[in-house]
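So the sequence lines, in the order shown, correspond to chains A, B and C.
In terms of this note's numbering, the first sequence opens at residue 1 and continues consecutively.
In terms of this note's numbering, the second sequence opens at residue 1001 and continues consecutively.
In terms of this note's numbering, the third sequence opens at residue 2001 and continues consecutively.
Wrong hints could be hidden among the right ones.
As the list claims (entries may be wrong) - Here are some of the chain C residues that sit facing chain A, going by a computed Cβ distance under 7 angstroms:
#1 GLU2022
#2 SER2029
#3 PHE2032
#4 PRO2303
#5 VAL2362
#6 PHE2385
If you're looking for bench data, these hints aren't it; they were derived computationally from the structure.
All residues carry an ideal CB built from backbone N, CA and C; glycine is no exception.
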Amino acid sequence: MSETPPPFNPTPSSASKALRWGLVILFLLGEFILIGLGIRGAIPNSDIREVDAYSPWSKEVIEVAANIPVQDGGRIKPLLTYARFKMMTFHGSLTMKVKSGGTVHKIGPVEWYLDCLFRPELADDLPIFRVDDAEILRPFGIETEKRRARLSFNDIMAGGDGERDGFALLRNGGAELLEKQKSAGEDALTKKEKKIVDFAQLVLNYTAIRDSLDILRGGLPPLDPTQLAYVDQEIYELLDSRLDPALFSFWLPILTDTYNSTQRLDTDEAREYEFELNRQLTFARFGPAWIPPQEGEDAEWQSIGTKVEKFLKGELTNSVEILQDMQVLESLNEAAKRPNGEEFLTKLTDWRDDLNARAEGRGEGEKIDSEVSYYNRNYFMYGLVFFVLAFLVSAVGWLVRDGRSGRVMTWLTAAVYGIGVVYVVGGIIHRYIITGRPPVSNLYDTIPFITAGAVIILAIAELLTRRKVLLSLGAALGVAGLFFAFSFELGDAKDNMDPLRAVLDSNYWLATHVVTVTIGYCGGLVACFLSIVYVHLALAGVMNDPKSFHRFMTRAVYGITCFTLLFALVGTILGGIWANDSWGRFWGWDPKENGALLIVLWSLIILHARLAGWMKGIGLHVMSILGGSVVVFSWWGVNMLGVGLHSYGFTEGASTVYYFYYVTLVATGVGFTNLILEKAGFSRKT
Amino acid sequence: MRILVLLATTATLLTGCRQPETSIKVTETRRLTLHDQIYPGDFKDRPPLDWRRLPGTQFRLVNYVAGKDGAVEIVMGETQGKVLGNANRWLGQFGLTPIQTVDYLGKTALLGRPASIVEGSGTYRPGMGRPPKEDYAMIGIIRDHPSNLITLKMTGPAAEVEAQREALFKYMQSFIPVEVGKIEKAGGEEKTSE
Amino acid sequence: MSKSKKKISLGKHIFRVLSGFELAVVCLSLLFLLTFFGTIEQPWFGLWTTIHKYFDYESVFVIPTRGDGKAIFLPLPGAYWVIVVLSVNMFLGGIIRARKGWKKAGTLVSHFAILFLLVGSAVSSVFKEEGQMRILQGEKSDYAQKLFKYDIEVFSYDEDGDREAPAIVRSDQIKPLGAKGSLGVSFEKFGFTLQIDKYLPYSELALDSPTSSPPKDEEVIDGFFLTEVEKNVQVEERNTPGCYVTVKDKEGATIQRLVLWGGNPYPVSFTYEGKRYGVTYLMEVWPMPFMVELHKTFGDNHPGTEIPSWFQSNITKIDGSQREDYEIVMNEPARHGGFTLYQAGFTRAAEGEVPSSTFAIVNNPSDKWPEYALWASALGLLFHFLVMLVRFAGGSRRPKKTVSIETTQPQKIPTS
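Isolated chain A (complex conformation) (with noise of 0.2 angstroms):
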């Protein structure tokens, strides 16, 4: 077998050179900054909306707040997470910013959340709503400066047509289109009137939350009880004067009555109580779901709202409870008109233990406090930073001879790139201790794990060989791998460590044929990377030492490719055993499945070709690259198709998929180019 002619490197001169680098790392940042512009939504909006009577709650108020237990999707979670992606759905960040008398204040999930609940007049003037598309408010009157926009409810009731305000037809034009729809089937509507079914919705969301506490609020129209037909003095009795007739809590004891009676006095005041005492109860079962089950009721906590309601029918045993509940927040929407008052601040610390202690008598909700600090120590935050760091005292590495600086650079880099793993590796850690699954098992955990794998195989190889771009790489993908993790999350805006289906809810096997698989995925990424920075660095000839460089980084790309077989066959295999166990059948040609063997049948076409002599050199990198593209589709593109028994997330984001095969088919290009110059008899002298 021959030699392989040594890969196209120039001629040396100090200038050429710092131009090749340069040129190559622009390169290189280039594309993976175009693979990031298909994740734009990551990035915060810069205007900072006026909001005159804006007062922030106080540091105490929400650090409770935050704590307190809460139902949701199946399991108790803080409400700092309800909270969170509540707000992500709404406004597709987790901060917003306003300015009031000067001063500019950042209003995170709680905060924004405290003021759907407890002052909702000033929550419409604060600018939740996303648009990414303005154009498409203007049939409603809804005015914007520019195309994204960020709007507050009160924006969108100030648009209309002079005679409805703005919200009402927005809700109206939703809810015909929504009929077309139905009618005619999914494809009737065109891409902005699904646009705007979807905000119309979204619109009508926030106001289910914001008026989900009405029930607290008073309002009430004022009512003699003596006018209401079925009331007579037992029953008057029954009402505590002490109490304040425009709350709900007023007329808890007879509302089952109330609710009940088909008689109606035939009074304009009981008409409008009624409709009054309606609307609050329809709208509360939208709030919160913090109040835990009673003895003997099924496991679901309840909203206040859906708690009266079941004393309405009859199906709650301790109604003095109910009263008691409703009775504190109603003190507590009270004590909320000094939000950072005192009294506030210890109701809202009263309620929040009392609801604490009434889940641990259930023995539920023991992770609240350790989810808060999750999310307060945004593990993956402080890895993307530090990552950052990593890769740019590595770049100055670069730059730096070997010798003791040299040492010293290698051992920064290595210690700043240590710390960013241990937050990666942390958060994953402490995401497991939270939900008690194994560390992959849904497509947003693949992120973080795909990352801190990535990260650390790169770690190990460069421990093993010294060689630093490998440091660098990691850092870069630590980076990137991060990234998008934040966007994804944004995008996808539910909770992911809500329980799963049960026909996934099996944990030996999810521990090891999703990890396994998603370890595959991951090594072909790495190789992938590895390919494209080996063949931007070659064709720009910038090594010192080309031919032991090309060696070393074949070597690597092989033996990754190697370990990507190992876990995706075994990866592969082991979800046919778990697909043949739960439903009988091993394999299916569903598309996550096909993907899977796509990159099965890849890493062996790689090595089967190698071993046939067609695949030496710059071969086994284009081929790598290319496989990266495999992955990518295995990993995300299949979810794309809508079809089969994996099509369970990610069906937007598209443009970031396309944009990453883009990219490959570049780095392609470059390294057919270093084929090409090869063959064509380039080789420098080296």
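Given the coordinates of chain A, work out where chains B and C should sit on it, guided by the hints.
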């Protein structure tokens, strides 16, 4: 060895390339299972030999035709409402005066509950766009039940309906409720696990 | 590859080709393309159609197409046959021709394991039987039904009105007919014959009424007729076949013309020589050698959601005089005597109704083979790659710069 096996299998499979058969002789059978004991409405019926069973529909649990050219229809179904309402509906199809009370109707029993007999003859107007039929008759039985009435109705040319009258009542008495597949409680002890 | 002057025998040449890396790469590449196209076609044509098109042993050549039928690639050989060739190649090349020695043990074991897996697949594709058994809580069943295989069953009724053992016309015999074909069926145990025609794989049974009248020359039998409908690619189970049947006596005279539809749960009937017969078109009934009693089926949702967190059935399996209790939970099937019962689905009951459970029953002799193959291949690969890793780590460190060995490299200008 392997190659030979593979080649042989390949050859047989490829030659299995389908030419549709034009005639076959069936010898295959299977043992009887609980599937062979299912009946619509959970009762077994034994119709006369000259009644032919048709596919059921949403409204027809049981659907037979009899007589010359299958002109007589015997249909059994479940319906809501009251006996009186249904009886009057049937009478209305023959243009007959509605009755005020079920006491006017003949009595019998169907599947263990009291039932009323409704009869009529004349021009049959089935409604729903179908053409009217002259010289038709109807014998119907409505089984009373608080929520779910069962109706058995025979309609057809008057002479043929009369010819089938006895067969209809004999058919009605042939019903045996079946509880296919219920787990027998052996001596009062049923296995229930938590 | 150097051409040897010595003439090699044809047999040896064939062996070289069949066992070579080149063939492996070709087969793997073809399989890659087939899997890729067999995946992206699924949103257009549905899972079953695409699988049948690409991976069934009946398909010898495949042309990848898009939704509108336009070809998007060159014709490729069918995946089943590529795998057959690949298996041959794996056996001859990966096991027989491969170099032996403890260093190569890993790849040998892996190749063998994968072959074993593929053979297991072939075995299961021929011998595997699967069906569904649906039982209401408090009831029992001794049969399953095989989805997508519709048989015509003909049986006689005895004097008590009970059915007797049926004669079965299998779906494989009916399917090839198509709308124009016709099949004559005679029975070993009956005197009459059947003529089956106008077979429609996707159909609906309709009643001839003023609001729904049949197309012009559609045959109406007893007020019923069959209409062809579009194939449901998303939910394959909803596709119901139908056909027409003529019952003829010994002389060939028509006794009765019937319309059969797979969605009718109960038979139609005709009379012949003083005996009553039933005809039904149904999903193949697969009698079980045991009886399953469903005592309780229950499950729960994650609180506050509609997402099932688990579901379980408590059953007793009765085999002759032996009774055995099982708890079948999602992901934990019950295995007994070659049959595996899976909890495939369950329906919760509304008020006053009884919940039911659906079990998937599989009889697959090669059921455990993939598991064995997994362990073997994993160990083999792991061993092989560890050997390679050791070699790699030894030879990839950066050459130390203490002594300059590259004498041809021009001196660097110090300031770079």
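Here is how each hint holds up against the structure:
Annotation: GLU2022(C) was flagged as interfacial toward chain A, and the flag holds, the nearest CB pair being 5 angstroms apart, inside 7 angstroms. Among the interface hints, the one on SER2029(C) holds; its C-beta lies about 6 angstroms from the nearest C-beta in chain A, closer than the 7 angstroms criterion. The closest approach between the C-beta of PHE2032(C) and any C-beta of chain A is roughly 4 angstroms, which is under the 7 angstroms cut-off, so the hint is satisfied. Residue-level restraint check for PRO2303(C) holds (minimum Cβ-Cβ distance to chain A is 4 angstroms; threshold 7 angstroms).
Restraint check, VAL2362(C) versus chain A: the minimum CB separation of about 4 angstroms is within 7 angstroms; hint holds. Hint status for PHE2385(C) relative to chain A: holds, with the closest Cβ pair at about 5 angstroms, below 7 angstroms.
Hint check: no violations occur; every hint is consistent with the structure.
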